[in-house]
Amino acid sequence: MSARVARLRRTAIPYVLELPGGAWVVFFFVVPLAAILSVSLMTGNSIDGYTLTWNFHIYPDVIDQYSTQFVRSFYYGLASTAIALVVMYPVAYWIAFHGGRHKSTLLLVILLPFFVSFVIRILTWQFILADQGIVLGTLKDIGLLPSGFHVLSTPAAVIAGLTYDALPFMALPIYVALENIDRTHIEAAADLGASRFEQFLRVVLPLSAPGVYAGILLVAITNIGDYVSAAILGGPSTTMIGNIIQTQYVQNANYPTASALALILMAALLLGMWVYTRAFGTRTLQEYV
Amino acid sequence: MSAGAGTGVLGARPTAGPRRLRRFVLPGYVIAVIAYTLVPIAVMILYSFNKAPSGRLTFAWKGFTLDWYKHPFDIPDLTSALVHSLEIASLSTLIATALGVPAALALARYRFRGRALSDLVILADIAAPSVVVGASLLGFFIYLGVPRGFATILIAHVAFNVAFVVVVVQARVRDLDESLVEAAKDLGANPLVAFWKVTFPLVFPGILAGALLAFALSIDDFIITSFVAGQTLTFPLWVYGAVKVGIPPQVFVMGTLIFLAGVAIAIANVVAQRRRGQAAA
Amino acid sequence: MEADPAFLRGLTQSRFSRRRFVRAGATAAAVAGFGSALSACGIAGTRDTGAPAGFDWASWWARQQKHGVLDWANWPLYIDTSHGSHPSLELFTKQTGIQVNYKPVIQDNASFFSQISPVLQEKQGIGYDLIVITDGWELTQMIANSWLIPLDHSRIPNFARYAGPIARHPVFDPKNRYTVTWQAGITGIGYDPRMTGREITSVKDLWDPAFKGKVGMMSDNTELGSVGMLALGIDPAKSTPADWKRAATLLTKQRDEGIVRQYYDQSYIKALEDGDTWITQAWSGDIFQANYSGFGHLKFVIPKEGGMLWHDNCMIPLHAQNPVDALEWVDFYYQPKIEAMIEDWVNYLCPVPAAQPKIANGLDDPSVANSPLVFPSAADMSRLRGYYDFKGIDDHDEWTSIFDPVIQS
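Protein sequences, first through last, are from chains A, B and C.
Per numbering that gives the first Met the number 0, the first sequence starts with residue 0, numbered consecutively.
Per numbering that gives the first Met the number 0, the second sequence starts with residue 0, numbered consecutively.
Per numbering that gives the first Met the number 0, the third sequence starts with residue 0, numbered consecutively.
These are calculated hints, taken from the structure and not from any lab test.
Given the structure is predicted, the values throughout are model-derived calculations rather than measurements.
Be a bit skeptical, because a hint or two may be false.
[Stated by the list, open to error] Ranges of calculated distance between the beta carbons of each label pair, as one might list FRET restraints:
#1 Lys61/B <-> Lys303/C: 37 to 47 Å
#2 Gly54/B <-> Phe196/A: 52 to 62 Å
#3 Asp264/C <-> Thr10/A: 52 to 62 Å
#4 Lys61/B <-> Phe196/A: 50 to 60 Å
#5 Arg182/A <-> Arg55/B: 48 to 58 Å
#6 Ser81/C <-> Ser236/A: 20 to 30 Å
#7 Glu178/A <-> Lys122/C: 36 to 46 Å
#8 Ala159/C <-> Ile62/A: 50 to 60 Å
#9 Asp174/B <-> Asp140/A: 51 to 61 Å
#10 Gly54/B <-> Glu89/C: 13 to 23 Å
#11 Ala2/A <-> Gly148/B: 45 to 55 Å
#12 Asp140/A <-> Ser81/C: 34 to 44 Å
A virtual CB, placed ideally from N, CA and C, is assigned to each residue, including glycine.
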């Protein structure tokens, strides 16, 4: 075989390998996003049809109309992310540094709830937190809680649901980051006289930053866009932007508005990713996902 | 100084006082958190044994029964929804693995134009909020006039599963010791043989992990499926719809069975890895 | 790591080079070009996708044959059920030889409609010969788009013979051209007298601060808007957009004062049973069935300002494969003894008055036979109102934009 043909084959190989998978993702992920960009700029209704009118004005209109829901979604999303971070960092830390032989088992145990359908898990929480259910009912019978007390249909319940779902996804990237820390750095700090607390604050914590940020990004974006938690555990004023998108698409057939809202959410994700890759590089984010 | 077995990394010498407290407090905390994450699972398993005379579960404990395990398939719509979920999960996992493994190899091994962009797109696919993915696919299908049903659910599931398979397998390929492949080539193996006999067996655990992840994600998926399902029902969709009138116990039975199957696979995976690790040592 | 200046610089300054700029511009141009290529299409509407005007339905019906199979989509829990099978359907198959594929898949008018309308828009069949839709915007659209096959009344003589006043000539389909009533129902108030402490008689009781946080309202914006207007003494069928705004203000006040626990879809009944709510907007049949499943203390009332009367209607969509079989079933179930079988289980408003004695005597079930929720008296009927009939899509969009913000705040 001539050298030129061999070289051609070598350069072609990665493209050939990547093509089928890449084509699927492009056609069924990227293109639909472009398609709904087009839809968001249309006007019309379901009877007369929609035509592209380059209605860019829909974006400020929609942000204005649903500003409450946007703000609320960011608040619930970031609050649940923060709680998940605080709860899971120590767990990831303990597994990485004190897990010993049982590390993979412990990680598995953290991931166990994941095997049960997410809908069933939220439903079970609804079951558990029912006004007269196992937990509240018993507490009310004893007299520890007023009979009118309820957890469901409050923002707290929605945030709790979001947090619960996020716990494993927050733990994993942090664990990977902690696991990858070169132990000699910590030993060097110890040798230089740093206390254990200082070792943690000045060496471990900063070195785990990429994993922490990866976890925050993943969890926050997922939670901001969620609608199931609000639908099952929420109340009259807990509507999130995900609920609005769902209603506008499936019930009201208001495609331009729904598409615009979805794209705004996507833009928030891309912004988050851009900030991350600027700070840590593209490859790093992949390692923690 | 250096880490000794059982002493932990940050402390070389166990001492009395605050350190011993930390030795109990932190693990105690971890156990508490893990217990908390398992509470709904425990409730689900427990209540799958609860009597339910009206056919719908209530939180009042009515007595232990194995009835629901004897008749898990009594509700035809629920059973067919579960079957749909299993079919879609299996098919989408197969397709996603077939598409994702080569792509992962390409991204991990080779430098080519468009690699950075591919990385970004894969990342965006993983991190994109489900509402956005579901809504955009629905909008796309409406735009093209494609009727929603089994096929569109499958398409959507493969689209996100490919990205997860790529990321998991890529990590594994990158950790691979290139010198082993080089050695095989030096010994006269052509690239295909080198791949099959050296790379593939070493990457296989990663492929398996990616496939398992894809399967679990597909069975579990609710939001994206709810947008593109049309009239077809999958297990999570059926359950969500049933909440309105009350969940039949069969739902908890099926959830428990799926959970136990997942646990079994995970344990098998860990055991196999440990055995392989021991063999390699 | 402290704020390393290089780190900060990398984070905040863009590393632009001319090459990058050109490449970015090229990508942007490609995306824009792609976008405009997509724009050549738009999304088609539903106008003129139905049966052509002036189509000769009489000859069409004359040509149709019985095929021995019927595909029927209905709502869950809406037909007599005994250990997983449906006696009325089995009797039908035994008598006529027609195999019925019964699919209780309809959870919600809006989502069912959003699934079938694209198919009908493409002038294709949806796979059902008979579907059941409530009177409302979706039904209005089905009729306006000519997506329904007009019924051949010569094939359903039992309808003419036995249908009661509830079923005949409803406002939304005079002459029953396209629809026959499957069941009708009343939207009123359901409550737990042990918790409310008193009898409920008025729609305004839903606004009572004594029930703060324990009131359930419906998330269906037609139901919600209508009850708001009833509270103001307005007849929803005759209302105007100004009335809608007044009702929305009243409903928003109810929510902002913390009186509403949640806006529910059909799960309101579970909330009432569980004690999450004490008083709620409710459908008559759900309370009836709750009484039979261990919640005998729950009560239903038609408020003095009025209750809403709705119809769930059978209809034949365009491109149905087995229209003759569909009508055979309709004719079959309008017999009093069959209707009695079904009514005894479903417990909503019965469209066949003659079924009443059959239930009382033949099936020996006086609780159903004497129930005003199944066979309402004339006095009850006079308190029932119809929903507002939307004149067009702009009308409907205005209603939605006024009432949706109350539910999704």
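Asp140/A paired with Ser81/C, Cβ distance criterion 34 to 44 Å: 38 Å, holds
Ser236/A and Ser81/C - C-beta distance against the hinted 20 to 30 Å: 44 Å, violated
Asp174/B paired with Asp140/A, Cβ distance criterion 51 to 61 Å: 56 Å, holds
Cβ separation of Ala159/C and Ile62/A, checked against the hinted range 50 to 60 Å: 57 Å, holds
Whether the CB-CB distance between Glu178/A and Lys122/C falls inside 36 to 46 Å: This hint is violated: roughly 59 Å between Cβ atoms.
Cβ distance range 52 to 62 Å for Gly54/B and Phe196/A, holds or violated: Holds, at about 58 Å.
Pairwise beta carbon distance, Lys61/B to Lys303/C, judged against the given window 37 to 47 Å: Given about 40 Å between the Cβ atoms, the range holds.
Outcome for the supplied range 50 to 60 Å, where the beta carbon pair is Lys61/B and Phe196/A: Check passed, 53 Å falls within 50 to 60 Å.
Glu89/C and Gly54/B - C-beta distance against the hinted 13 to 23 Å: Check passed, 21 Å falls within 13 to 23 Å.
Outcome for the supplied range 48 to 58 Å, where the beta carbon pair is Arg182/A and Arg55/B: With Cβ atoms ~55 Å apart, the hint holds.
Hint check for Thr10/A and Asp264/C - Cβ pair distance inside 52 to 62 Å: With a Cβ separation near 57 Å, Asp264/C and Thr10/A satisfy 52 to 62 Å, so the hint holds.
Outcome of range test on Cβ distance (Ala2/A, Gly148/B; 45 to 55 Å): 52 Å, holds
Comparing the model with each numbered hint stated earlier shows that hints 6, 7 do not hold.
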